[in-house]
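Starting from the two chains in their separate frames, assemble the complex, guided by the hints.
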Amino acid sequence: GAGVSQSPRYKVAKRGQDVALRCDPISGHVSLFWYQQALGQGPEFLTYFQNEAQLDKSGLPSDRFFAERPEGSVSTLKIQRTQQEDSAVYLCASHPNTNTEAFFGQGTRLTVV
Amino acid sequence: DQQVKQNSPSLSVQEGRISILNCDYTNSMFDYFLWYKKYPAEGPTFLISISSIKDKNEDGRFTVFLNKSAKHLSLHIVPSQPGDSAVYFCAPNALNNAGNMLTFGGGTRLMVKP
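Residue numbers (the working numbering), protein chains in the order written: chain A, 1 to 113; chain B, 1001 to 1114.
If we strip away everything but chain B, and leave its shape as in the complex, we get (with noise of 0.2 Å):
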């Protein structure tokens, strides 16, 4: 039974416009939510994170939501460039896991077209 799911296996976007990627999740002890961005023959780097006390985080470019009521969270990417295209992966955490075990979904291939 998959705890996180990426419902959309890819994305394909204009350059300037604006991704939206999407992360469902069903444990309600997930508390901490992380995006990672994965280049092909790379590791995944973390991209930007949310904690469950808030519904919002910026940082530059990239905006996370969260609606915890829905077990939902989203990635905004604004303006798309193509630097950007690559599989980004929800990966929830709970905080009170041993550890920083991160539970991660199947992933979203972002294309961003010239």
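Isolated chain A (complex conformation) (with noise of 0.2 Å):
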């Protein structure tokens, strides 16, 4: 596709349920970031993939969440056992190398009841 995909657009977890969201970057861009999006905030940084390799995790707010990107391209977050405080906009961004702008997908919302 020309731009970079996220699903599901819209995620409805019960509390406990783990979920994982996918992103398709735009084909051949080398980094890709995630982003999590409480309402009325910007977005913060959770985690980077440069190619495979996950260079900075320090974003992820607890280890029920765990990010892969096994082939350097689509990328998987997953957050385990669900808490309503999850819930936010997802969104995923790429870019075709360092000191580029990033392209952001159209975000995965996710909404934990």
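No lab work stands behind these hints: they were computed from the structure.
It should be emphasised that the depicted structure is a prediction, and the values quoted were computed from it without experimental measurement.
For glycine and all other residues, C-beta sits at the position ideal for the given N, C-alpha and C.
Treat the hints with caution; some may be incorrect.
To be verified - List time: in silico DMTMM-like cross-link candidates among lysine to aspartate or glutamate, alpha-carbon distance up to 20 Å: (1) B/LYS1005 - B/ASP1024; (2) B/LYS1113 - B/GLU1015; (3) A/LYS14 - A/ASP24; (4) B/LYS1054 - A/GLU85; (5) B/LYS1005 - A/ASP56; (6) B/LYS1005 - B/ASP1031; (7) B/LYS1068 - B/ASP1084; (8) B/LYS1037 - A/ASP18; (9) B/LYS1056 - A/GLU101; (10) A/LYS78 - A/ASP56; (11) B/LYS1068 - B/ASP1031; (12) B/LYS1037 - B/GLU1015; (13) B/LYS1071 - B/ASP1024; (14) A/LYS78 - A/GLU101; (15) B/LYS1037 - A/GLU101; (16) A/LYS78 - A/ASP18; (17) A/LYS11 - B/GLU1042; (18) B/LYS1054 - B/GLU1042.
To be verified - Here chain B is said to cover these stretches of chain A; the calculated rule only asks that three of the stretch's residues, wherever they fall, bring their Cβ under 8 Å from a Cβ of chain B: (19) 34-44; (20) 102-110.
Okay, structure coming up:
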């Protein structure tokens, strides 16, 4: 596709359920980021990949959050045992290389009930 | 402790007038500053940027000003159009970061009235 694609667009999970959010970056983009955007706030950094290597995961809020990008293209953000405070929009962004602006997907809106 | 602050959560201007959106930051390591625009139910899209070696960058109706000593930048839109109505995020970056991790402000919702 022409842009960054995220799926699902919307996800409702019961508290305690595991969820998996998918990001298809723009083909050939080396860098991939995940951000979390709570209601009324700006996006906050979660984790960063360069190709398949996860170079920074300092923004992941707890060990219930896990991200992977095994072949250096598609990435999955997994949240185990979801809690209500996990409700947010999860944004994926990719860059062709360093020092370029990010291209964002439309996000996945996660609601934990 | 917020490193990037956009103190006006919302701004309303008349079509044709100037919109000025402000952003303050605390991290002196930031050296590249980006503005993103976000419509509802869409991801942020890049609008304009400025490097710390400049104090002004202009692109059509959009101009960004940087005052490094004050750690302040502003985005000017003139003339404002109804299609500019969106949330605007200031997002600085430190180019020596591994990658291009952005630190976003809280956003300013701009409403341009016809």
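Right, here's what the structure says about each hint:
1. B/LYS1005 - B/ASP1024: holds, 5 Å
2. B/LYS1113 - B/GLU1015: Satisfied, since the Cα-Cα distance of roughly 5 Å is no more than 20 Å.
3. A/LYS14 - A/ASP24: violated, 25 Å
4. B/LYS1054 - A/GLU85: Given pair B/LYS1054, A/GLU85 is violated - Cα atoms ~40 Å apart, limit 20 Å.
5. B/LYS1005 - A/ASP56: At roughly 24 Å apart (the allowed maximum being 20 Å), A/ASP56 and B/LYS1005 break the hint.
6. B/LYS1005 - B/ASP1031: Satisfied, since the Cα-Cα distance of roughly 16 Å is no more than 20 Å.
7. B/LYS1068 - B/ASP1084: violated, 27 Å
8. B/LYS1037 - A/ASP18: violated, 32 Å
9. B/LYS1056 - A/GLU101: holds, 18 Å
10. A/LYS78 - A/ASP56: The given pair, whose Cα atoms are some 16 Å apart, holds under the 20 Å limit.
11. B/LYS1068 - B/ASP1031: holds, 9 Å
12. B/LYS1037 - B/GLU1015: With a Cα-Cα distance of about 18 Å, the restraint between B/LYS1037 and B/GLU1015 holds, given a limit of 20 Å.
13. B/LYS1071 - B/ASP1024: holds, 6 Å
14. A/LYS78 - A/GLU101: violated, 25 Å
15. B/LYS1037 - A/GLU101: holds, 13 Å
16. A/LYS78 - A/ASP18: Roughly 7 Å between the alpha carbons, so the hint for A/LYS78 and A/ASP18 holds.
17. A/LYS11 - B/GLU1042: Since the Cα atoms of A/LYS11 and B/GLU1042 sit roughly 16 Å apart, the hinted pair holds (cutoff 20 Å).
18. B/LYS1054 - B/GLU1042: Given pair B/LYS1054, B/GLU1042 is violated - Cα atoms ~30 Å apart, limit 20 Å.
19. 34-44: Since three or more residues must qualify, the claim that chain B covers the segment 34-44 of chain A holds, with 6 doing so at under 8 Å.
20. 102-110: holds (count 6)
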